[in-house]
Amino acid sequence: EAQVTQNPRYLITVTGKKLTVTCSQNMNHEYMSWYRQDPGLGLRQIYYSMNVEVTDKGDVPEGYKVSRKEKRNFPLILESPSPNQTSLYFCASSLRMNQASYEQYFGPGTRLTVT
Amino acid sequence: AQTVTQSQPEMSVQEAETVTLSCTYDTSENNYYLFWYKQPPSRQMILVIRQEAYKQQNATENRFSVNFQKAAKSFSLKISDSQLGDTAMYFCAFMKFIGFGNEKLTFGTGTRLTIIP
Numbered sequence: 001e002a003q004v005t006q007n008p009r010y011l012i013t014v015t016g017k018k019l020t021v022t023c024s025q026n027m028n029h030e031y032m033s034w035y036r037q038d039p040g041l042g043l044r045q046i047y048y049s050m051n052v053e054v055t056d057k058g059d060v061p062e063g064y065k066v067s068r069k070e071k072r073n074f075p076l077i078l079e080s081p082s083p084n085q086t087s088l089y090f091c092a093s094s095l096r097m098n099q100a101s102y103e104q105y106f107g108p109g110t111r112l113t114v115t
Numbered sequence: 001a002q003t004v005t006q007s008q009p010e011m012s013v014q015e016a017e018t019v020t021l022s023c024t025y026d027t028s029e030n031n032y033y034l035f036w037y038k039q040p041p042s043r044q045m046i047l048v049i050r051q052e053a054y055k056q057q058n059a060t061e062n063r064f065s066v067n068f069q070k071a072a073k074s075f076s077l078k079i080s081d082s083q084l085g086d087t088a089m090y091f092c093a094f095m096k097f098i099g100f101g102n103e104k105l106t107f108g109t110g111t112r113l114t115i116i117p
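Same order as they appear, the protein sequences are chains R and B. Residue numbering for the first sequence follows the numbering used here, beginning at 1 and increasing consecutively. Residue numbering for the second sequence follows the numbering used here, beginning at 1 and increasing consecutively.
Careful, some of the hints might be misleading.
[Said to hold, decoys possible] Calculated pairs, DMTMM-like style, for lysine to aspartate or glutamate (alpha carbon to alpha carbon, straight line, at most 25 Å):
no., chain 1, residue 1, chain 2, residue 2
1, B, K96, R, E79
2, B, K55, R, D56
3, R, K17, R, E62
4, B, K73, B, E29
5, R, K17, R, E79
6, R, K18, R, E1
7, B, K55, R, E1
8, B, K96, R, D56
9, B, K70, R, E103
[As the list claims (entries may be wrong)] Restraint ranges, calculated between C-beta atoms of paired labels, are given here:
no., chain 1, residue 1, chain 2, residue 2, range
10, R, K65, B, A16, 45 to 53 Å
11, R, E62, B, I116, 38 to 46 Å
12, B, Q57, R, K69, 27 to 35 Å
13, B, Q14, R, S67, 43 to 51 Å
14, R, T13, B, I116, 34 to 42 Å
15, B, K55, R, S82, 42 to 50 Å
16, R, A2, B, E52, 28 to 36 Å
17, R, V52, B, T27, 38 to 46 Å
Please keep in mind that the hints were generated in silico from the structure rather than gathered at the bench. Quick caveat: nothing in here was measured; it's all calculated off a predicted structure. Beta carbons: idealized from backbone N, C-alpha and C, even for Gly.
Please model the entire structure based on the sequences and the hints provided.
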């Protein structure tokens, strides 16, 4: 089954304790992206990757890191989480638009609470 | 920068009725794509319908259809014969045609739709 998976689905942590949210897709998609969803703000892009070893900042990258060592995986790293990073996080992937397939597939979301 | 506005934070409608969710956007691009996503209580993001800006014909998917007004930069979603399972948050989203660049989706703030039995 074609899908995007995220782990963990729920996480409660304390300020300053490094954490990683994993994202994996099995569709051989080139493009992957992280979004955060906050009430009243919709979803905002954190980072994106156009292919292996190619990443760049989105609209709200402060406090986050990413890596893309393999095509299927795109982990989101919070080196020193703070309470303002409490949010719902989504990973998404897609083929490239030049391949006439631009639908983004979303993972199930990760609810992160930083106390 | 592109912006997407959903002016109705919440809506409710009786089951089997028709409801229209509004969305406006601001862009200087000519080629772009518009989407409606549904987010039920499970929080999964589900693509409902999409529209290519170069297509004049409005997209339809079963009970879901859009009214795309390119000149007015308006992209409303109509749900016909609404069902209890349509209860969800609905997000309008914009993506400009980039090709090899960042295929970022710009989202509106959402409309929470409740279908009343």
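Verification of the supplied hints:
1. K96(B) <-> E79(R): Given pair K96(B), E79(R) is violated - Cα atoms ~32 Å apart, limit 25 Å.
2. K55(B) <-> D56(R): violated, 31 Å
3. K17(R) <-> E62(R): holds, 16 Å
4. K73(B) <-> E29(B): holds, 11 Å
5. K17(R) <-> E79(R): Judged against 25 Å, a Cα distance of about 7 Å means the pair holds.
6. K18(R) <-> E1(R): Distance of about 32 Å is beyond 25 Å: violated.
7. K55(B) <-> E1(R): violated, 31 Å
8. K96(B) <-> D56(R): holds, 17 Å
9. K70(B) <-> E103(R): holds, 21 Å
10. K65(R) <-> A16(B): 45 to 53 Å: Between K65(R) and A16(B), where Cβ atoms are some 49 Å apart, the hint holds.
11. E62(R) <-> I116(B): 38 to 46 Å: Since the Cβ atoms of E62(R) and I116(B) sit about 42 Å apart, the hinted range of 38 to 46 Å holds.
12. Q57(B) <-> K69(R): 27 to 35 Å: Once the Cβ atoms are compared, 43 Å apart, the range 27 to 35 Å for K69(R) and Q57(B) is violated.
13. Q14(B) <-> S67(R): 43 to 51 Å: Distance hint for Q14(B), S67(R) holds at roughly 50 Å.
14. T13(R) <-> I116(B): 34 to 42 Å: holds, 39 Å
15. K55(B) <-> S82(R): 42 to 50 Å: Roughly 44 Å apart at Cβ, these two residues keep to the hinted range, so it holds.
16. A2(R) <-> E52(B): 28 to 36 Å: The hinted range 28 to 36 Å is violated for A2(R) and E52(B), with Cβ atoms some 22 Å apart.
17. V52(R) <-> T27(B): 38 to 46 Å: For V52(R) and T27(B) the Cβ distance comes to about 31 Å; the hint is violated.
Consistency note: the structure conflicts with the earlier hints numbered 1, 2, 6, 7, 12, 16, 17.
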